[in-house]
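**Student:** Put together the whole structure using the sequences plus the hints.
From first to last, the protein sequence lines stand for chains S and C. Using my numbering, the letters of the first sequence correspond one by one to residues 8 to 420. Using my numbering, the letters of the second sequence correspond one by one to residues -7 to 208.
In short, the hints are calculated from the structure, not lab data. Check before you lean on any hint, since a few could be wrong.
What the hints assert, rightly or not - Quick partial rundown of chain S residues pointing at chain C, CB under 8 Å, derived from the structure:
id	residue
1	Ala185
2	Arg399
3	Glu400
4	Asp414
We put the beta carbon where it would ideally sit given N, CA and C, even for glycine.
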Amino acid sequence: MAEYLERYRSIVGDAEIDHLKQLARRLRGIRAVHVNSTREGGGVAEILHCLIPLKRALGLEATWEVIEGNPVFFDCTKKMHNALQGNLTAIPAAMLKEYEETNRRNFERLEDVLKEADIVFIHDPQPAPLLQFCENRKGKWIWRCHIDVSRPYRPVWKYLRAFVSPYDASIWSLSSFAQTLPHPLYLIPPSIDPLSEKNIDLDPPELEEAREKWGLDPDRPVITQVSRFDRFKDPLGVIEAYRLAKEFTPLQLVLAGSSASDDPEGAEVLEEVRAARGEDPDIHTLLLPSDAHRSINALQRLSHIVLQKSLREGFGLTVTEAMWKEKPVLGGDTGGIRIQVFNHHTGFLVNTPEGAALRIRYLLRHRDRLREMGMKAKEFVRENFLITRHLREYLTLMIAVTHAATDRIELDG
Amino acid sequence: MENSFIVRDCTLIAIATGLRAQNLRELRNRIREVPEACIYYHFWGGLLRAKFDDPEFPNDFASWARHAIHDKRLAERLAIINPMDFENLEDLRRELLEVIEERLDELDLPPWVEADQQFYFVRSQIVVFNTGILIRDPREFTDRISSFSLGSIFYHFIDARRRHPMGIDDFSAWFETFDGQYEDLVRAVRSIDPYFTNLFELRNELKAILDGHFRG
Chain S
8 MAEYLERYRS IVGDAEIDHL KQLARRLRGI RAVHVNSTRE GGGVAEILHC LIPLKRALGL
68 EATWEVIEGN PVFFDCTKKM HNALQGNLTA IPAAMLKEYE ETNRRNFERL EDVLKEADIV
128 FIHDPQPAPL LQFCENRKGK WIWRCHIDVS RPYRPVWKYL RAFVSPYDAS IWSLSSFAQT
188 LPHPLYLIPP SIDPLSEKNI DLDPPELEEA REKWGLDPDR PVITQVSRFD RFKDPLGVIE
248 AYRLAKEFTP LQLVLAGSSA SDDPEGAEVL EEVRAARGED PDIHTLLLPS DAHRSINALQ
308 RLSHIVLQKS LREGFGLTVT EAMWKEKPVL GGDTGGIRIQ VFNHHTGFLV NTPEGAALRI
368 RYLLRHRDRL REMGMKAKEF VRENFLITRH LREYLTLMIA VTHAATDRIE LDG
Chain C
-7 MENSFIVRDC TLIAIATGLR AQNLRELRNR IREVPEACIY YHFWGGLLRA KFDDPEFPND
53 FASWARHAIH DKRLAERLAI INPMDFENLE DLRRELLEVI EERLDELDLP PWVEADQQFY
113 FVRSQIVVFN TGILIRDPRE FTDRISSFSL GSIFYHFIDA RRRHPMGIDD FSAWFETFDG
173 QYEDLVRAVR SIDPYFTNLF ELRNELKAIL DGHFRG
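**Tutor:** This is how it looks when you write it as structure tokens:
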């Protein structure tokens, strides 16, 4: 298991790896359980796929449980997700009843694991009510919110708040997302794994094979947005930006996404995108399986510019992935994209399809700037948004919640 | 053993306070009431968190004044506040308030920002641990400083100023215990200005000073 961690040494350096080992020594043998609602698809699952083995490699007993639910449950949690991001979405009482019942059933299935854990991390709203069923709990419970809850639809937040208030702490990606709760609100941005299939270096022949497979012309620039087919990701705005830019420069657009098992709205949005594409052969809409990580990796690497023109965004890991591949990013001026994309340094923040089109034209006209910004973007990710930094903050938090809640925790010896 | 330098390491974790400001008057009011840890975080926390290099505005208050409320005059006045000039965080808080009050006096209407550009007050929790490394002779630093984690640099060079009654760093404080043997080194280390830099550069600067002193 120790080798698993050592693989990161050449990427992040000796000091970072040794630092992690030092911190983890204080947590050896601790039982940490993570609970979310899907094993595949979406940023949370991807983070857990690498975070869990890394914690194990450091001597923690880390496990990952996934709650199970029927379509009504997932429809409810999707509505909840949208409402928390600001949509005025009322949720019928029957759906909320199913939400709570599903959590009760899952708690019965996971009871032993949850009761025995030293630290339980509950990810997002789907499994949030689990805590209320856990009487005589032994460990600390932490709610990890990956969503931008800065301006939620209040009735839905009020409903959810009752479930998350009793937690011992919560984790938010940005300070602007954090809602006031009666416990410490930790701030931890998410991260990417540079060694995952999604981010690992690919050989040129593999890239050429992928280019051929997707029918991309090697002689014309490619712009890409990789994300779920979700209205908050504004895929229609991306098509508009592409059309505006294409009047001035030859261009191909790739809109690639996978469907996650907890996202029933995806098919509807994909249909809207296909309708907007019309007969344009240079718009490639790709619905990829949720485990098509290598294909996504290749698409990002084949792109000249990556877009993430979200209207609301939790953090935007696709931005981080693209930056790691030395691509400047045109990102919506929202949420976590703002702490990754810096105008003229790592990409541009855009507010409209017109703004995105303008920056596409600028970067394709100034290829030296495009390359320079891409390189800067990669170094920025190396220092700030790799899984090792994320892991360090998780370990720090675990130490903090298991010690007295003071500003200063001294662990000598 | 008795006079060894114990290398410690630290890691910071940020905690949102839920307090925010949407205009300059609110910022002033919040600064009055936030815990000292917030003042510390917004002056020094940038060294240990994701932040694109913006040396023009080395503290979060100045950066917000420039980028959110677009008040260049205020941003410049806030940026020049050097936290090392103040004996404690309360004095630093008073200076901060003084600069903001002065600007409020000059303005008829304090500028507002949109809701998603508010200033969010954050504090941090620090976890400090012993690395098990002991340095017995100052000469050893020349070989070892490069392998110090950035957390160690932060702890011994920045955090030290909060712990030490004289507000100095741990390195020069230790060199000083050798009965005047390292006076030049003490002076050189204390001449480093850690405010307009990052921890990588600080580590390099320390290494250069140590190499210069011991290897000529």
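**Student:** Each hint should be assessed against the structure and marked as holding or not.
**Tutor:** Hints and how they fare:
For alanine 185 of chain S, the shortest C-beta to C-beta distance to chain C is roughly 4 Å, which falls under 8 Å, so the interface hint holds. Proximity of arginine 399 of chain S to chain C holds as hinted, the smallest CB-CB distance being about 6 Å (cut-off 8 Å). A hinted interface residue such as glutamate 400 of chain S counts as satisfied when its beta carbon comes closer than 8 Å to some beta carbon of chain C; here the least separation is about 6 Å, so the hint holds. Interface hint at aspartate 414 of chain S: satisfied, since its Cβ lies 5 Å from the closest Cβ of chain C, which is below the 8 Å cut-off.
Checked against the numbered hints above, the structure violates none of them.
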